[in-house]
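The hints should help you fit chain Z onto chain R, whose structure is shown.
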Amino acid sequence: MPEEAGGGYEHQLQRLEFGDDITRREAAKRLQAGILFLFTVRIGEGQETTNPMPLLSSRLHVGEDGAITVLTGKIECGQGIRTTLTQAAAEELHIAPARVRLIMGDTALVPDDGGTWGSLTTPQTVPVIRQACASLREYLCRYAAQQWKMDAGEIHVSNGRIRHTDGRTLSYRDLIDNKAFGAASIAGARLMPASEWAACGTPMPAVHGPAIVRGALKYSSDLQFDGMLHGYVIRPPNYRCRLLSYDASKAARIPGVKIVRQDDFLGVVAPNEQAAAAAAHTIEAHWSNEQLGNPDTLFSDLKRNSKPPDAKAGGRYPALIEAGSVDQGISRAAHRHKASYQIWYIAHVPLEARAAIAEWRGDWLTVHCGTQAPFPVRDEIAKAFQLPPEHVRVVVSDTGSGYGGKHNSECELEAARLARNAGKPVRLAWSREDEFERSYCRPAALMEVESGFDSEGKVHAWDFHNYNGGAASLTPPYRIGNVRAAYHASISPLRQGSYRSLAAVGNTFARESHMDEIAAELKLDPLEFRLRNIEERRLRTVLERAAERFGWGRVRSGNGVGYGLACNLEKGGHLALLTELEMDGAQVRLRRMVAAFDAGAILNPDILSNQVEGAIVQGIGGALFEQLKFDSNRITNGRLSEYRVPRFTDTPEIDVILVDRRDMPSAGAGESPITATAPSIASAIYAASGKRIRQLPMLPAFEN
Amino acid sequence: MPDLKLTVNGIEATVLADPSTSLLSVLRKHFHLTGAKYACGEGQCGACTVMVGGEAVRSCVFPIHNVGQKYVETIEGLANSAHLHPIQQAFLDASAFQCGFCTPGMIMASVALLDRNPAPSVEEIRAGLAGNVCRCGTYSRIVKAVQSAAKAGRNA
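Top to bottom, those sequences are chains R and Z.
At position 266 of the first sequence (counting the first as 1) the number is 266 in my numbering, and the numbers step up by one without a gap.
Take any residue in the second sequence, note its place counting from 1, add 1000, and you have its number in my numbering.
None of these hints come from the bench; they were simulated from the model.
It cannot be assumed that every hint is accurate.
[To be verified] Each pair of labels, with its calculated beta carbon distance range:
(1) G314/R - H1083/Z: 55 to 65 Å
(2) I1011/Z - G362/R: 32 to 42 Å
(3) R1116/Z - S288/R: 52 to 62 Å
(4) G314/R - A1119/Z: 56 to 66 Å
(5) K307/R - L1016/Z: 51 to 61 Å
(6) A145/R - S1081/Z: 39 to 49 Å
(7) I1011/Z - F225/R: 16 to 26 Å
[To be verified] In silico contact screen, one side only, chain Z against chain R (beta carbon under 10 Å); selected entries:
(8) P1063
(9) A1096
(10) T1103
(11) A1127
(12) C1134
[Stated by the list, open to error] Below 20 Å or equal to it, Euclidean Cα-Cα: the simulated SDA-like pairs (lysine to any residue) are:
(13) K1029/Z - A429/R
(14) K1029/Z - R214/R
(15) K458/R - G481/R
(16) K1144/Z - R214/R
(17) K424/R - K1144/Z
Everything numeric in this text was worked out from a predicted model, so none of it was measured.
Ideal Cβ placement from N, Cα and C applies to all residues, glycine included.
With the rest of the complex left out, here is chain R (with noise of 0.2 Å):
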């Protein structure tokens, strides 16, 4: 248990044994000559997390240049993590940011802090970082009491190094020489209050930014190993469809070429790239005929093959939530209203297609990728080839973004069959076209929404009902009596999976649309109506910040020009987003949107705002045209032209208004900010031409 008084936490240092784990020997080469310290963490009552994690470990390396390695499982994707776990961990030690480096998400040497998703590294990883060094930041402060016989209370660091009062000095590179260094227990090492935060808070720019204006960055696309082979695999119409058989015979008779099939798996390796591909293109192979699904009917089918939500279904997004009577709520109200609103697929489109090179040496392997999820992904390559997950080393490269879209070992995985045998490292590198129709897309999703409110702009009922997208942003940030909100899971035509905020895109389109609607019903202000009906003090205050720069009420909307907002609360993240845009005909361009973002005390203000701005960004595309098209059995639009993604033309003035809690837990905000995007626009776009979108992409309803 901890010694002081709100620690709430324990560190216990322990030893790294790398036996016969060749992988774990392997990677211990990145580091340099040094010590690794090794901390068991007991999280206890009273810390920043939300969720209850018992025990975790963290490892740190204090170099014999003074350096301390920061290592862990999560990967930097463009959310600026790399430069804000540097802050961190410089604010505990209590040394400069450039003395900090980090190794991240490879697998045989940083603990498992889980796949980079969920907008789980500001709230879980950091604070487990930062609880680690603080106590390496003891552990020192220990070590020189011992060697100087003092009160270790009375000893401080400062910039590294810890300063007696005779002259002489200790830091943390003299940790190495300990000759007596073993097992130790820290309790209760203080962390830095936010009042007191002298590296975190600060806008220090990412650390890896020369690396990218100079194109010196090296993603797995970038990657190339002497003697490496290249494969190529052959695509079925859709991911359905078995291989029934194949004719590689001309193929095989390829110089250098090997063909490698494995239950539906079907590909070949070759010298270079140009060579695999044209011997992938003589092999005919025969599948089965498998239809997706008729996108002319998606969402009535979608409905039809649903689910129930599943009462029982905990964790951080439950299925069900319930509250008074739905039912009595809304045949008891005034007025109701009741309308259904429909989101299509989209994809990713990661810019970096992925790429991965494996390499066997008898029954150990080796992955470098651009995963967002290096521990999943070993272990699913594990399984695979039933085999320890040790003798799996997954090493990420830094990722041209994922969006959610990188979970999988799909590549990775791909690249581990092929070079099962061919006894040099194989790369595979996914086309853009394999990234449209080979990886697994944002559900599609139809929400079905019933109110009942009062004249004077009180709700009292919500039934809401999400098909197929997910429990994400269900809970209405409303104070409404009686609630129904619910996930029914269906049956998707196309793959789906994770997607930057889950179904909290759709569910916040649905219910922002609708109480707009409301508002507009009983001629309200819309921002007066959602006042009305919030009441948590931070999501007023972003409205009512976002609503003063942008000028609400001052500005009216009509010839052509309209208004609108929205706002939502996901993730620990308040935000509220308000749209200028001018309409002709069919044509939108959003002129201006307002944002206020309050996602607890800021690590970095520079990444948070740029995070903000490119979510609403994103936010554009799935609103406004991006959409994966199908047919019976393909994806027939899997191509950058002919999948509209936003572009510099497409973008307005963004303003971000940051509200800065430092007496709140920092929340994780790369995915919460996209969720207002598509119902300010929508909303704006009711007032500009009287027209109620309720699908998105939107600009298809104008086309006709």
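Here is chain Z on its own, set in the frame of chain R:
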């Protein structure tokens, strides 16, 4: 396959490749210059942008036989070892990136834009770079970076 002479970032090399091979492929595989990226393969996103004879081209759809005698310049040739090019510095100062995958192409396209128009308006920057995609959505910051680089250029 014929030998082709290419001069990239001031270094001349002979490449044994089919003349229809894309410049991007040759830059990445023969020259090991991986700053220019493959992202769409059809000249739609600009991540592969490099300069050929001072003009920005989409190297993923630019066959090497079209290079001729012209010099090829990539992001790796923009800075000298000590100093970043003013546009690189402006991107850094404005944190005009997230994942950074589009950045080399975005910077090369911005260099070409400012060569053509040393004092572009916001609308001209947006239109001039509309062929380059930043999927992370850092467009506003890129516009600011190009504006500040343009201003620095005028003051130089």
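Hint check results:
1. G314/R - H1083/Z: 55 to 65 Å: Given a distance of about 56 Å, which is inside 55 to 65 Å, the answer is holds.
2. I1011/Z - G362/R: 32 to 42 Å: Holds, since I1011/Z and G362/R (Cβ atoms, about 41 Å apart) stay within the stated range.
3. R1116/Z - S288/R: 52 to 62 Å: 54 Å, holds
4. G314/R - A1119/Z: 56 to 66 Å: 59 Å, holds
5. K307/R - L1016/Z: 51 to 61 Å: Cβ of K307/R to Cβ of L1016/Z: about 60 Å, so the range 51 to 61 Å holds.
6. A145/R - S1081/Z: 39 to 49 Å: 46 Å, holds
7. I1011/Z - F225/R: 16 to 26 Å: Holds, since I1011/Z and F225/R (Cβ atoms, about 23 Å apart) stay within the stated range.
8. P1063: Because about 14 Å separates P1063/Z from the closest Cβ in chain R, which is outside the 10 Å limit, the hint is violated.
9. A1096: With a closest approach of 9 Å, the A1096/Z hint holds.
10. T1103: At about 5 Å, which falls below the 10 Å cut-off, the nearest Cβ of chain R leaves the hint on T1103/Z intact, so it holds.
11. A1127: 7 Å, holds
12. C1134: 8 Å, holds
13. K1029/Z - A429/R: The given pair, whose Cα atoms are some 14 Å apart, holds under the 20 Å limit.
14. K1029/Z - R214/R: 18 Å, holds
15. K458/R - G481/R: With Cα atoms ~10 Å apart, K458/R and G481/R stay inside 20 Å; holds.
16. K1144/Z - R214/R: Distance of about 19 Å is within 20 Å: holds.
17. K424/R - K1144/Z: Violated - the C-alpha atoms of K1144/Z and K424/R are around 46 Å apart, more than 20 Å.
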